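Colleague: Letter by letter, the chains look like this.
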Amino acid sequence: MELFEMTAYEAATALQKKEVTSLDLTESVLKRISEVEDIIKGFITILDSEKVLQEAKKIDRLLAEGKEISPLAGIPMALKDNMCTQGVPTTCASQILKEYRPPYDAHVTEKLKEAGTILVGKANMDEFAMGSSTENSSFYHTCNPWDTSRVPGGSSGGSASLVAADEIFFSLGSDTGGSVRQPASLCGVVGLKPTYGLISRYGLIAFASSLDQIGPLTKDVRDCALVLDIIAGNDPRDSTSVPREKEKYADYLGREVRGFKIGLPREYFEEGIEEPVRKVVMEAMAYCDQLGVEVEEVSMPNTLYALPCYYLVATAEASSNLARYDGIQYGFRAPEEDNLIDLYRKTRNQGFGPEVKRRIMLGTYALSSGYYDAYYLKALKVRTLIRRDFEKVFQNYDLIVTPTSPTTAFVRGERIDNPLTMYLSDIFTITANLAGVPAISIPCGLAGGLPVGLQVIGRPFDEGRMLQFCYALENVLGFKGLKPGIPAKGVLRDVS
Amino acid sequence: MSPEYEVVIGLETHVELLTESKIFCSCPNRFGEAPNTNVCPVCLGLPGSLPVFNKNALELALRAALALNCTISSYSKFDRKNYFYPDLPKAYQISQYDMPLARDGYLDLVKNGCLVRKVRIERLHLEEDAGKLLHSYEEARSYVDYNRCGVPLVEIVTAPDLRSPEEARLFLELLKKILLYTGVSDCKMEEGSLRCDANISLRLAGSDTLGRKVEIKNMNSFKAVQRGLEYEVSRQEEILRAGGQVVMETTRWNEERGITIEMRGKEEEHDYRYFPEPDLPPMVLNGEFIGEIRSKLPELPVQRCFRFTEEYGLTPYQAEIITSSKNLADFFEETLEHYPQPQKVSNWLIGDVLGLLNSMGKEINQVTFTPLHFSGLLKLLDTGTLSGRLAKDVLEESFLTGKHPEEVVQEKGLAQISDEQKLLPVIDDVIKGNPNAVSDYSGGNKKAIAFLVGQVMQRTRGQANPQLVTGLLKKQLEG
Ligand SMILES: [Zn+2]
Numbered sequence: 001m002e003l004f005e006m007t008a009y010e011a012a013t014a015l016q017k018k019e020v021t022s023l024d025l026t027e028s029v030l031k032r033i034s035e036v037e038d039i040i041k042g043f044i045t046i047l048d049s050e051k052v053l054q055e056a057k058k059i060d061r062l063l064a065e066g067k068e069i070s071p072l073a074g075i076p077m078a079l080k081d082n083m084c085t086q087g088v089p090t091t092c093a094s095q096i097l098k099e100y101r102p103p104y105d106a107h108v109t110e111k112l113k114e115a116g117t118i119l120v121g122k123a124n125m126d127e128f129a130m131g132s133s134t135e136n137s138s139f140y141h142t143c144n145p146w147d148t149s150r151v152p153g154g155s156s157g158g159s160a161s162l163v164a165a166d167e168i169f170f171s172l173g174s175d176t177g178g179s180v181r182q183p184a185s186l187c188g189v190v191g192l193k194p195t196y197g198l199i200s201r202y203g204l205i206a207f208a209s210s211l212d213q214i215g216p217l218t219k220d221v222r223d224c225a226l227v228l229d230i231i232a233g234n235d236p237r238d239s240t241s242v243p244r245e246k247e248k249y250a251d252y253l254g255r256e257v258r259g260f261k262i263g264l265p266r267e268y269f270e271e272g273i274e275e276p277v278r279k280v281v282m283e284a285m286a287y288c289d290q291l292g293v294e295v296e297e298v299s300m301p302n303t304l305y306a307l308p309c310y311y312l313v314a315t316a317e318a319s320s321n322l323a324r325y326d327g328i329q330y331g332f333r334a335p336e337e338d339n340l341i342d343l344y345r346k347t348r349n350q351g352f353g354p355e356v357k358r359r360i361m362l363g364t365y366a367l368s369s370g371y372y373d374a375y376y377l378k379a380l381k382v383r384t385l386i387r388r389d390f391e392k393v394f395q396n397y398d399l400i401v402t403p404t405s406p407t408t409a410f411v412r413g414e415r416i417d418n419p420l421t422m423y424l425s426d427i428f429t430i431t432a433n434l435a436g437v438p439a440i441s442i443p444c445g446l447a448g449g450l451p452v453g454l455q456v457i458g459r460p461f462d463e464g465r466m467l468q469f470c471y472a473l474e475n476v477l478g479f480k481g482l483k484p485g486i487p488a489k490g491v492l493r494d495v496s
Numbered sequence: 001m002s003p004e005y006e007v008v009i010g011l012e013t014h015v016e017l018l019t020e021s022k023i024f025c026s027c028p029n030r031f032g033e034a035p036n037t038n039v040c041p042v043c044l045g046l047p048g049s050l051p052v053f054n055k056n057a058l059e060l061a062l063r064a065a066l067a068l069n070c071t072i073s074s075y076s077k078f079d080r081k082n083y084f085y086p087d088l089p090k091a092y093q094i095s096q097y098d099m100p101l102a103r104d105g106y107l108d109l110v111k112n113g114c115l116v117r118k119v120r121i122e123r124l125h126l127e128e129d130a131g132k133l134l135h136s137y138e139e140a141r142s143y144v145d146y147n148r149c150g151v152p153l154v155e156i157v158t159a160p161d162l163r164s165p166e167e168a169r170l171f172l173e174l175l176k177k178i179l180l181y182t183g184v185s186d187c188k189m190e191e192g193s194l195r196c197d198a199n200i201s202l203r204l205a206g207s208d209t210l211g212r213k214v215e216i217k218n219m220n221s222f223k224a225v226q227r228g229l230e231y232e233v234s235r236q237e238e239i240l241r242a243g244g245q246v247v248m249e250t251t252r253w254n255e256e257r258g259i260t261i262e263m264r265g266k267e268e269e270h271d272y273r274y275f276p277e278p279d280l281p282p283m284v285l286n287g288e289f290i291g292e293i294r295s296k297l298p299e300l301p302v303q304r305c306f307r308f309t310e311e312y313g314l315t316p317y318q319a320e321i322i323t324s325s326k327n328l329a330d331f332f333e334e335t336l337e338h339y340p341q342p343q344k345v346s347n348w349l350i351g352d353v354l355g356l357l358n359s360m361g362k363e364i365n366q367v368t369f370t371p372l373h374f375s376g377l378l379k380l381l382d383t384g385t386l387s388g389r390l391a392k393d394v395l396e397e398s399f400l401t402g403k404h405p406e407e408v409v410q411e412k413g414l415a416q417i418s419d420e421q422k423l424l425p426v427i428d429d430v431i432k433g434n435p436n437a438v439s440d441y442s443g444g445n446k447k448a449i450a451f452l453v454g455q456v457m458q459r460t461r462g463q464a465n466p467q468l469v470t471g472l473l474k475k476q477l478e479g
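Chains as they are written, first to last, in my numbering: chain A, 1 to 496; chain B, 1 to 479.
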């Protein structure tokens with residue numbers, strides 16, 4: 001077994017036992033990148049390898065000196081390219097920020113650096129996190145390691161494919177309407193969107209502020225808990241970050257789940273879902289018997305309105321959040337402007353891609369005087385109803401389980417010209433963002449040789465028990481360790 | 001202005017708060033730094049940065065709201081006001097739209113102890129300031145200085161209750177006084193820490209519908225506000241008299257030319273697409289917290305002015321002048337602690353002390369002359385050590401050097417000469433040197449003695465005790 005194939009936890013354990021060095025792990029990952037990155041294209045920026053290896057050596061020195069290091073110290077990782085890294089390009093996969101190097105680190109960047117993890121590069125994404133296939137990256141598209149003709153999902157497609165292709169031990173993505181969970185589902189990895197407010201958004205370049213949340217993409221549930229342990233916690237620089245006592249999520253793993261009650265909302269299993277996906281999820285849920293977990297059908301009637309509600313709230317906020325890219329202070333500025341208005345128009349016209357422009361227009365319209373009440377205000381009211389749907393179910397159930405995505409990974413180019421079909425990729429994930437509740441996707445099987453994700457949704461700040469359940473389910477499912485098996489620069493094979 | 005028309009004015013005032021740091025970041029709230037040196041990712045609106053609300057700004061805004069008799073909202077929130085301009089780095093201003101911090105206040109305009117008008121305050125809300133554009137005409141370029149971005153502001157909006165340009169000026173003067181008293185702002189119009197836009201319309205006297213209004217911006221002093229409004233009154237009156245209609249528009253006051261110039265018509269008005277700021281939680285204020293702020297409010301100028309007339313027997317005129325500045329009123333009361341004679345203190349304060357301050361262009365807190373100095377000076381007068389004339393010199397010297405009046409007297413040997421042995425030779429000299437005046441006096445013109453006293457005073461550089469000199473002269477001339 002190659003080192004890069006290990007989970008972050010396995011690698012960290014070997015490191016702490018001095019069976020390997022961080023240098024070994026980092027070199028292994030860099031070798032893997034050199035072999036498969038040409039095919040996958042999950043990175044936008046790969047840091048200078050000499051500098052990366054220097055960081056690894058630093059951790060090795062600490063270990064050699066007998067210093068105590070944190071659980072994931074020395075482990076190579078990647079960040080989605082919308083998280084600020086001081087002096088390292090942070091582009092949001094957009095031409096408008098192509099040359100942009102932030103003067104400061106995001107909260108999560110700081111936390112991961114403090115924990116001694118090794119930043120290897122910045123992952124590809126849909127431009128400004130708008131999209132479900134990473135085809136909206138203004139640089140290039142990323143391939144799904146399970147079938148390179150297919151998309152990895154999005155918008156954190158780079159982050160998910162890098163983990164699935166063993167190019168990195170773990171990564172961070174951001175999730176506004178499913179942008180961590182949907183690519184995790186399509187790439188067969190674990191992806192968590194924590195409760196809104198659990199992780200500071202400071203330094204995360206905003207798409208839709210009231211929905212955005214950062215989350216880990218990992219090879220298994222344990223790694224997810226370990227990464228969450230590093231990045232969760234209050235940050236006074238983000239006023240929406242919730243002050244609460246820090247938990248140790250890894251401690252939940254392995255605890256008994258007997259007696260948990262799970263609700264399966266029927267609205268998530270009826271319309272729009274591909275039959276093989278539904279079947280794989282239902283088969284996985286059959287294991288709940290074995291775990292002593294009770295499963296019942298429930299109803300969440302307002303699910304129907306989630307998609308329009310989401311596209312009003314998210315685009316409205318985005319239209320304002322993205323207004324700052326005007327060519328004045330930083331980023332791309334169109335050459336040859338005649339006057340100020342012309343400068344704004346040309347810069348934004350040339351700097352943004354079509355999907356970003358579409359959403360800015362939608363959001364601007366929704367907030368315009370005369371339309372605000374009918375669109376934005378109404379969407380806020382629907383949002384409250386959706387939140388109530390969750391509260392109601394959580395009165396009687398510990399967790400909610402749904403499919404993560406209605407389909408497996410789709411073929412590149414198939415949906416890019418039809419925004420509405422593309423938007424439907426998120427129908428099962430957006431509700432958790434609207435309600436602010438935590439949700440995780442774990443691989444639960446294959447359909448047509450492609451991974452299927454199962455989504456577990458919990459009460460606010462109940463990530464611990466969600467992970468506890470997912471860990472137990474992961475053990476009985478036996479999907480863990482199933483790899484896409486991309487050979488080095490070779491022909492891809494279907495593992496099904 | 002003919003009585004045919006009535007003037008209707010409403011004011012929108014922006015006031016910078018005297019906080020230590022900016023409203024949403026920890027950059028110091030300072031004026032006059034080198035361009036773009038007092039900034040951070042948050043006030044520069046860099047991608048990924050987030051605002052954190054400064055509680056000190058809330059406290060000052062609440063103080064202003066309470067001093068303006070407003071009702072504080074128990075629930076209010078921030079909103080984004082979206083528009084593109086190079087001095088606005090996020091392309092939106094964090095402000096408050098439909099749920100301002102405070103509403104429904106009022107201010108009583110008082111002049112010489114009489115209520116001129118009750119001016120309603122419609123709302124008071126918090127917001128962040130924008131940067132500044134600097135234009136270089138030689139280079140045909142514009143530069144942006146972001147230092148002012150994120151300076152905390154309150155916007156105070158009056159109802160259209162003001163009825164003349166003079167009332168508008170009076171309102172601003174009173175507002176400034178209150179904000180200085182409460183320590184909310186330094187209200188320096190020339191530095192932009194107090195800025196005022198006005199809405200003005202005319203209507204037929206007796207009508208209760210509002211005429212078409214014009215907004216005037218860029219009035220950079222209280223005088224400019226009055227002048228700009230006066231100009232606009234006559235311009236609109238002329239239009240209306242000629243049977244025309246006033247066009248709704250936004251104008252800029254041009255101080256040099258003394259006219260208003262159209263900026264944009266109302267139809268071109270922005271749609272700011274306000275919506276709730278998702279990066280900041282709403283503000284929920286409980287009565288206890290508001291009560292705490294209220295209890296810390298100082299006595300306000302109107303109340304203090306009234307108390308000064310009651311407690312110290314000052315005239316409304318005196319009380320108004322002394323309470324026009326909190327520092328001056330504090331100085332007055334501190335002086336009384338050492339020298340409890342309000343009338344005397346008031347006379348000297350209004351006459352000589354204010355005169356000196358005006359000629360130096362300073363405020364009482366900007367000089368080293370203290371209440372202890374002041375009371376010391378008045379005591380020297382009482383004991384006869386100083387004549388009124390000398391006291392003025394000593395006051396000036398003490399003002400300039402910061403020395404105690406007693407010290408000045410000693411150093412300069414300025415004490416009043418009440419020693420007969422010292423005065424007699426001078427008196428003899430004066431009598432010898434002015435035979436005409438002496439013969440006038442002897443001839444029955446008793447007024448001639450004043451001339452002779454003046455001569456003695458001159459020769460003693462004003463130090464001779466005038467009563468004593470008069471007595472001695474009479475004795476010499478008659479004896
Ligand atoms: Zn700042």
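If you are wondering where the hints come from, they were derived from the structure by calculation, not from laboratory data.
None of the values given here were measured: they were computed from a predicted structure.
Don't take each hint at face value.
The calculated DSBU-like cross-link candidates involving lysine-lysine, where the alpha carbons are at most 35 Å apart (straight line), are [stated by the list, open to error]:
1) A/Lys-67 x A/Lys-248
2) B/Lys-77 x A/Lys-246
3) A/Lys-346 x B/Lys-118
4) B/Lys-474 x B/Lys-177
5) B/Lys-55 x A/Lys-246
6) B/Lys-81 x A/Lys-346
7) B/Lys-132 x A/Lys-357
8) B/Lys-403 x A/Lys-378
9) A/Lys-31 x A/Lys-381
10) B/Lys-475 x B/Lys-111
11) A/Lys-392 x B/Lys-118
12) A/Lys-357 x B/Lys-77
13) B/Lys-362 x B/Lys-447
14) B/Lys-403 x A/Lys-98
15) A/Lys-111 x B/Lys-475
16) A/Lys-113 x A/Lys-261
17) B/Lys-55 x B/Lys-217
18) A/Lys-67 x A/Lys-57
19) A/Lys-381 x B/Lys-177
20) A/Lys-381 x B/Lys-77
21) B/Lys-81 x A/Lys-111
22) B/Lys-422 x B/Lys-362
23) B/Lys-392 x B/Lys-118
24) B/Lys-412 x B/Lys-447
25) B/Lys-362 x A/Lys-378
26) B/Lys-223 x A/Lys-248
27) B/Lys-177 x A/Lys-346
28) B/Lys-296 x A/Lys-378
29) A/Lys-357 x B/Lys-188
30) B/Lys-344 x B/Lys-403
31) A/Lys-113 x B/Lys-223
32) B/Lys-177 x B/Lys-223
33) B/Lys-392 x B/Lys-379
34) A/Lys-98 x B/Lys-432
35) B/Lys-403 x B/Lys-432
36) A/Lys-111 x B/Lys-77
37) A/Lys-18 x A/Lys-111
38) B/Lys-55 x A/Lys-381
Colleague: If a hint holds in the structure, say so; if it does not, say that too.
Modeller: Hints, verified against the model:
| no. | hint | in the structure |
| --- | --- | --- |
| 1 | A/Lys-67 x A/Lys-248 | holds, 22 Å |
| 2 | B/Lys-77 x A/Lys-246 | holds, 29 Å |
| 3 | A/Lys-346 x B/Lys-118 | violated, 51 Å |
| 4 | B/Lys-474 x B/Lys-177 | violated, 54 Å |
| 5 | B/Lys-55 x A/Lys-246 | holds, 25 Å |
| 6 | B/Lys-81 x A/Lys-346 | holds, 23 Å |
| 7 | B/Lys-132 x A/Lys-357 | holds, 29 Å |
| 8 | B/Lys-403 x A/Lys-378 | violated, 71 Å |
| 9 | A/Lys-31 x A/Lys-381 | violated, 51 Å |
| 10 | B/Lys-475 x B/Lys-111 | violated, 53 Å |
| 11 | A/Lys-392 x B/Lys-118 | violated, 53 Å |
| 12 | A/Lys-357 x B/Lys-77 | holds, 29 Å |
| 13 | B/Lys-362 x B/Lys-447 | violated, 42 Å |
| 14 | B/Lys-403 x A/Lys-98 | violated, 66 Å |
| 15 | A/Lys-111 x B/Lys-475 | violated, 98 Å |
| 16 | A/Lys-113 x A/Lys-261 | violated, 38 Å |
| 17 | B/Lys-55 x B/Lys-217 | holds, 30 Å |
| 18 | A/Lys-67 x A/Lys-57 | holds, 14 Å |
| 19 | A/Lys-381 x B/Lys-177 | violated, 45 Å |
| 20 | A/Lys-381 x B/Lys-77 | holds, 17 Å |
| 21 | B/Lys-81 x A/Lys-111 | holds, 33 Å |
| 22 | B/Lys-422 x B/Lys-362 | violated, 41 Å |
| 23 | B/Lys-392 x B/Lys-118 | violated, 42 Å |
| 24 | B/Lys-412 x B/Lys-447 | holds, 33 Å |
| 25 | B/Lys-362 x A/Lys-378 | violated, 57 Å |
| 26 | B/Lys-223 x A/Lys-248 | violated, 65 Å |
| 27 | B/Lys-177 x A/Lys-346 | violated, 48 Å |
| 28 | B/Lys-296 x A/Lys-378 | violated, 42 Å |
| 29 | A/Lys-357 x B/Lys-188 | violated, 43 Å |
| 30 | B/Lys-344 x B/Lys-403 | holds, 22 Å |
| 31 | A/Lys-113 x B/Lys-223 | violated, 58 Å |
| 32 | B/Lys-177 x B/Lys-223 | holds, 16 Å |
| 33 | B/Lys-392 x B/Lys-379 | holds, 13 Å |
| 34 | A/Lys-98 x B/Lys-432 | violated, 100 Å |
| 35 | B/Lys-403 x B/Lys-432 | violated, 40 Å |
| 36 | A/Lys-111 x B/Lys-77 | holds, 31 Å |
| 37 | A/Lys-18 x A/Lys-111 | holds, 24 Å |
| 38 | B/Lys-55 x A/Lys-381 | holds, 30 Å |
In the structure shown, a violation is registered for the earlier hints numbered 3, 4, 8, 9, 10, 11, 13, 14, 15, 16, 19, 22, 23, 25, 26, 27, 28, 29, 31, 34 and 35, in ascending order.
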